[in-house]
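Colleague: The listed protein sequences derive, respectively, from chains A and B.
If you want my numbering, it's the 1-based position in the first sequence plus 963.
If you want my numbering, it's the 1-based position in the second sequence plus 1.
None of these hints come from the bench; they were simulated from the model.
Quick caveat, the model's predicted, so the values are computed rather than measured.
Even for Gly, the Cβ is constructed at its ideal location relative to N, Cα and C.
Among these hints, one or two may not hold up.
To be verified - Cross-link-like lysine-lysine pairs, in silico, DSS-like; alpha carbons within 27 Å at most: (1) B:Lys104 <-> B:Lys142; (2) B:Lys104 <-> A:Lys1337; (3) A:Lys1337 <-> A:Lys1288; (4) B:Lys239 <-> A:Lys1236; (5) B:Lys377 <-> B:Lys394; (6) B:Lys142 <-> B:Lys233; (7) B:Lys104 <-> B:Lys24; (8) B:Lys181 <-> B:Lys239; (9) B:Lys181 <-> B:Lys104; (10) B:Lys181 <-> A:Lys1236; (11) B:Lys285 <-> B:Lys377; (12) B:Lys233 <-> B:Lys181; (13) A:Lys1337 <-> A:Lys1140; (14) B:Lys233 <-> A:Lys1288; (15) B:Lys394 <-> A:Lys1236; (16) B:Lys239 <-> B:Lys142; (17) A:Lys1172 <-> A:Lys1140; (18) B:Lys394 <-> A:Lys1228; (19) B:Lys239 <-> B:Lys394; (20) A:Lys1288 <-> B:Lys394; (21) B:Lys104 <-> B:Lys285.
Said to hold, decoys possible - If you want the footprint, here are the derived chain B segments under chain A, 3+ residues with CB under 8 Å: (22) 86 to 100; (23) 272 to 285; (24) 382 to 390.
Stated by the list, open to error - Interface residues of chain B toward chain A, partial, derived using beta-carbon atoms under 10 Å: (25) Met294; (26) Thr299; (27) Ala309; (28) Leu320; (29) Asp398.
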Amino acid sequence: MNFELSDERRMLRDALERFLRDTCTPTARAAAEQTETGFSPEIWAGLAEMGVIGAVFDESVGGFAGSGFDLAVVFEALGRAGAVEPLLEVVLAGSLIAERGDADQRALLETVIAGEMHLALAHYEPAGRYDLERVATTATATESGYRIDGRKAVVVNAGAADTIVVSARTSGDVADKQGISLFLVPRNTPGLTLRDYPLAGGGRAAELKLEAVELPAAARLGCEGDAFDALERAVARASVAQCAEALGLMEAIRELTTDYLRTRKQFGQPIGKFQALQHRMADLLIEIEQARSAVINVAGHLDRERDLRERHVSAAKQLIGTVAKLVAEESIQMHGGIGMTQEYELAHFVRRLIMIDHRFGDHLHHLARFVRLKAA
Amino acid sequence: MDLSYTPEQLAFRAEVRAFLAEKLPPRLAEKGRLGKRLTKADHEEWHAILNARGWLAGNWPVEFGGAGWNAVERHIFEEETTRAHAPRIVPFGVAMLGPVLQKFGSKEQIEHFLPRILNGEHWWCQGYSEPGAGSDLASVKTTAVRDGDSYIVNGQKTWTTLGQHANWIFCLVRTSTEGKPQEGISFLLIDMETPGVTVRPIVLLDGEPEVNEVFFDDVRVPAENLVGEENKGWTYAKYLLTHERTNIAGVGFANAALENLARIAALECAGGRPLAEEPLFAAKMAELEIQLMAMATTNLRVIARAAAGQAPGAESSMLKIKGTVIRQEINALTRTAVGPYAAPFPSELLDEGANAEPVGPDYALPATRQYFNNRKLSIYGGSNEVQRAIIGKALLDL
Chain A
964 MNFELSDERR MLRDALERFL RDTCTPTARA AAEQTETGFS PEIWAGLAEM
1014 GVIGAVFDES VGGFAGSGFD LAVVFEALGR AGAVEPLLEV VLAGSLIAER
1064 GDADQRALLE TVIAGEMHLA LAHYEPAGRY DLERVATTAT ATESGYRIDG
1114 RKAVVVNAGA ADTIVVSART SGDVADKQGI SLFLVPRNTP GLTLRDYPLA
1164 GGGRAAELKL EAVELPAAAR LGCEGDAFDA LERAVARASV AQCAEALGLM
1214 EAIRELTTDY LRTRKQFGQP IGKFQALQHR MADLLIEIEQ ARSAVINVAG
1264 HLDRERDLRE RHVSAAKQLI GTVAKLVAEE SIQMHGGIGM TQEYELAHFV
1314 RRLIMIDHRF GDHLHHLARF VRLKAA
Chain B
2 MDLSYTPEQL AFRAEVRAFL AEKLPPRLAE KGRLGKRLTK ADHEEWHAIL
52 NARGWLAGNW PVEFGGAGWN AVERHIFEEE TTRAHAPRIV PFGVAMLGPV
102 LQKFGSKEQI EHFLPRILNG EHWWCQGYSE PGAGSDLASV KTTAVRDGDS
152 YIVNGQKTWT TLGQHANWIF CLVRTSTEGK PQEGISFLLI DMETPGVTVR
202 PIVLLDGEPE VNEVFFDDVR VPAENLVGEE NKGWTYAKYL LTHERTNIAG
252 VGFANAALEN LARIAALECA GGRPLAEEPL FAAKMAELEI QLMAMATTNL
302 RVIARAAAGQ APGAESSMLK IKGTVIRQEI NALTRTAVGP YAAPFPSELL
352 DEGANAEPVG PDYALPATRQ YFNNRKLSIY GGSNEVQRAI IGKALLDL
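Turn these sequences into a full structure, and let the hints guide you.
Modeller: What follows is the structure, encoded as C-alpha cells:
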C-alpha cells in the first residue's frame, strides 16, 4: 500500500494551487459571474498553459496523465480554490470522444487540451432525473445522416461549448440501455436552441431544444446504439473528479470555519474555546477524512471491472453527498449571521458544495443504486 | 498511489489464514460466531496456541519474545483473526503493559514480567479509572504512600475489565498532591493476591460481569514494583494509551459484525421476503457498508503512516470515534433485524453446551447482548467526547 502522491502529481498540485491562489480570487469570481460564459477566460488559458487540461487525458490523445488519481489531484485543487471553470465538462465529453472517436474526432482533443475549444455533454433530460439509460431524444436516419429531436436538461457549459456531445436514441424504448447513440453537435447547428442561465454553484448551464437538427453521418461518435457503457464510464470519471472537487471545497470551508472559531470572540474568549463548537468541528474533520478516503477508493477503482467500479462510484457519491450537506450546514451555523451573507467567501463554497449532490445522482439515488449493484 | 497490498503482505496474510485453519479450535470459532460466553480457560487456551507460534505479542520486538510485526502486518493479523471468529487477544498484558515495561521498565521488571505475560502465568488487568474520574485520569485519588521499602496503597479503581480473572493489576496511583494534578501520579504494579485487595464484579447492561471494582485497603506493595520514576506515571500512562489506540478503528470487528448482520437479514423475513431485500432495511445496511469502506481506507492511511515510522497522534482519536460509532450502528441495526426475538434475554444460553430450550433463532440473544455491551465502545479508552476535545486541540488548533 502507498497512499502518497507521486512526485509528478505533487508538483502538479502545488503549481496548480499556487496559480489558483493568485488568480481565482473572490473578485475574479465575481467578475466571471457577469460574463456570458460564467467563468474566467484568463484562468482557463492559464490552466491550459500549465498542462492541467492535459492532465485529465492519457498519452493516446495527447494528454499526459488521465488516471483516477490524476483527476482527483487536479479537482481537489480546483475545489479548494472554489474555481468554476468548466474542466469537468471536458472530462465528461472528452472521455467519450477519446474512447469512441475516430481519428478526426479525437484530433479535436488536441485543441481542447490547448485550451482553445470548450465541450459539454447533453445527456440527461427534463423528465429523466438521474437515470443514465433514460433517453427520449431521438436520432432518425436520413439520406445524409441523422435528424435529432428532443430536449436536454441542465447542460452545463452549453453556452460556451464549441462542440456538444449529444445522446439520442437510434432504437429501443425510452429506458433501454441498448439503442443509445452519441453525436458531436456544433453549438451553432441550425435547429439547436439554448435557454441559458447561471447555476447556484457558479458557472452556467442551458436547457437544450433540438428540433429537426440535421447532422452528417460523420457526426456520430462510435457505433450506433451501444453508447451506454461508455456513458457510464465517462460519468464514473466525472464522478471521481466531482467528488475530489467536493473534498477540496470541504477543506476550504473547514479552513474558513476554524479560522473564524479562532478569531471571533464572544463571552470574553474565542468561540472555538467552547467545547460544544470544538466537538462539532471535530465531527466535521472526521467526516471530511471519510470523504477523502471515499475519493481515494473511487479513484483507485476507476479502471477495475464494471461492477466493482460502479459500486465505488455510488459509494463515493452517497458518502460525499451526505458529508457535503453536513459540512455546509454546520459551517453556516457556526459562522452565525456572517455565514448567511452572500458577500462573505463562505457563501460561494457552500453553494457549490451543496449543488454537487445534484449532478450524476444524489446521495439517495446512489444509496439505492449501491443496494441494487450489490444484489446484482 | 497503490491501494493493493505488496506480495510479501499477501503472503503473510495467506500464512496467517493457513495457521488459523489449522490451529484455531473449531469449538472456539463457533463460540465467537454465535456470540457465546468465553471462559477464562478459553482465553488461556488461545493465548497458548498463539504463543507457541510466537504470535501472541505481534507488536513486541523479537528480542522480547514478540513477533516484531509492523503496523500493516498487525492489521492483517487482526483482520484474519476476526474474520475467523478467533477470541480476541486480551490486551492488558500484551498490548498495554508490555510496551510500557519495554520502554520504561527496569531490567529486572522486563526479565521478570514479560515472559510471564507470554506464558500466561500472569493475567493483567488495568487500574486506571476511578469512581468520579472517568476519562479524566489526571484526577485519580488512589494513594500510594512510601513506607520504607514499600508503598501503602489505599483507594478504589473501577471499570476493571476481566479483573475477576487477573492476578496482577497495573495502577495509576497518587504519590504527590503538589503541582499540577498530572505531576503527582505514579505507575505501580500490584499482585492482586496481596492482603487488602478486594475485587467486586459489576454487572453491565448486557447482564455480564465483564468489569469490576477493585478496592485497596492498606495494601503493601514492594517499592521495586514502581515503573520508572515516582511522579512520572502520567507519561507512561499516555504512552500506554497511544498503544491501546492502535487498531482502535476495529475494522475487522466491524466487518465481522456486518457479515453477521447480512446473514441475519437474509434469514429473517419481512412481508414475505428476506429482510435484506426490504428497500429501507437494505439501504440502512448499505449506508453502513459505505461508511465502513471509507473508514477502512482511513485506517489503512494511518497504518501506512505508522508503518513508515510516523507515530499516529490525534488521528487515532478520529479512528476511535468513527470506528466505534460504525460498530455501534451495525450492532443497533442487527438488533433491529432480529425483530421480536430481540426481547427475550435467557442469558444461561450463552454458556457452551447449555441444554435449555432455545428462544427464537440462535442469533437473537447475542445480537441484543452485543448491542448493549458495545455501548461501552464510545465510553472506554477515553470517551468519544474526550477524543473530540483532543482533535479540537491537536488537529484543529482551537
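Colleague: Each hint: holds or not?
Modeller: Against the structure, the hints:
1. Among the hinted pairs, B:Lys104 with B:Lys142 is consistent with the structure: their alpha-carbon atoms are about 26 Å apart, no more than 27 Å.
2. A distance of roughly 48 Å separates the Cα atoms of B:Lys104 and A:Lys1337; the hinted pair therefore is violated under the 27 Å criterion.
3. Distance check on the hinted pair: A:Lys1337 and A:Lys1288 sit about 25 Å apart at the alpha-carbon level, within 27 Å; holds.
4. For the given pair, B:Lys239 sits about 24 Å from A:Lys1236 by alpha-carbon distance, which is consistent with the 27 Å threshold.
5. The suggested pairing of B:Lys377 with B:Lys394 holds, with an alpha-carbon distance near 24 Å, which does not exceed 27 Å.
6. At roughly 16 Å between alpha-carbon atoms, B:Lys142 and B:Lys233 fall within 27 Å of each other, so this suggested pair holds.
7. Taking the CA atoms of B:Lys104 and B:Lys24, the gap is about 32 Å. The hint is violated against a cut of 27 Å.
8. In summary, the hint linking B:Lys181 to B:Lys239 is supported, as the alpha carbons are separated by about 16 Å, within the 27 Å threshold.
9. About 24 Å separates the Cα atoms of B:Lys181 and B:Lys104, which keeps this hinted pair within 27 Å; it holds.
10. Between the alpha carbons of B:Lys181 and A:Lys1236 the distance comes to roughly 21 Å, so the proposed pair stays at or under 27 Å and holds.
11. Proximity of B:Lys285 to B:Lys377 is assessed by CA-CA distance (about 23 Å); at most 27 Å being required, the pair is judged to hold.
12. Our distance criterion of 27 Å between C-alpha atoms is met by B:Lys233 and B:Lys181, whose separation comes to about 12 Å.
13. Note on A:Lys1337 and A:Lys1140: the hinted pairing holds, with a Cα-Cα distance of about 19 Å set against a maximum of 27 Å.
14. Distance hint between B:Lys233 and A:Lys1288 is unfulfilled; the C-alpha atoms sit about 46 Å from each other, more than 27 Å.
15. Proposed proximity of B:Lys394 and A:Lys1236 is supported: the alpha carbons are some 9 Å apart, at most 27 Å.
16. Straight-line distance between C-alpha atoms of B:Lys239 and B:Lys142 comes to about 18 Å, which keeps the hinted pair within the 27 Å bound.
17. A distance of roughly 23 Å separates the Cα atoms of A:Lys1172 and A:Lys1140; the hinted pair therefore holds under the 27 Å criterion.
18. Between B:Lys394 and A:Lys1228 the CA atoms are separated by roughly 17 Å; this keeps the pair inside 27 Å, and the hint holds.
19. For the hint linking B:Lys239 to B:Lys394, the alpha-carbon distance of about 16 Å falls within 27 Å, and the restraint holds.
20. Among the hinted pairs, A:Lys1288 with B:Lys394 is consistent with the structure: their alpha-carbon atoms are about 25 Å apart, no more than 27 Å.
21. With a CA separation close to 45 Å, the supplied pair B:Lys104 and B:Lys285 exceeds the 27 Å bound.
22. Counting residues of the segment 86 to 100 of chain B whose C-beta lies closer than 8 Å to any C-beta of chain A gives 0; at least three are required, and the coverage claim is violated.
23. Counting residues of the segment 272 to 285 of chain B whose C-beta sits closer than 8 Å to any C-beta of chain A gives 4, which meets the bar of three, so the coverage hint holds.
24. A stretch counts as covered by a chain when three or more of its residues have a beta carbon under 8 Å from one of that chain; for the segment 382 to 390 of chain B and chain A the count is 4, and the coverage holds.
25. With a least beta-carbon distance of about 6 Å to chain A, the hint placing B:Met294 at the interface is held under the 10 Å criterion.
26. Taking 10 Å as the C-beta contact cut-off toward chain A, the hint placing B:Thr299 at the interface holds, the least distance being around 4 Å.
27. Taking 10 Å as the C-beta contact cut-off toward chain A, the hint placing B:Ala309 at the interface holds, the least distance being around 9 Å.
28. Of the supplied interface hints, the one on B:Leu320 holds, with its beta-carbon coming within about 9 Å of a beta-carbon of chain A, less than 10 Å.
29. Taken as an interface hint, B:Asp398 checks out: its beta carbon lies about 7 Å from the nearest beta carbon of chain A, inside 10 Å.
Checked against the numbered hints above, the structure breaks hints 2, 7, 14, 21 and 22 and satisfies the rest.
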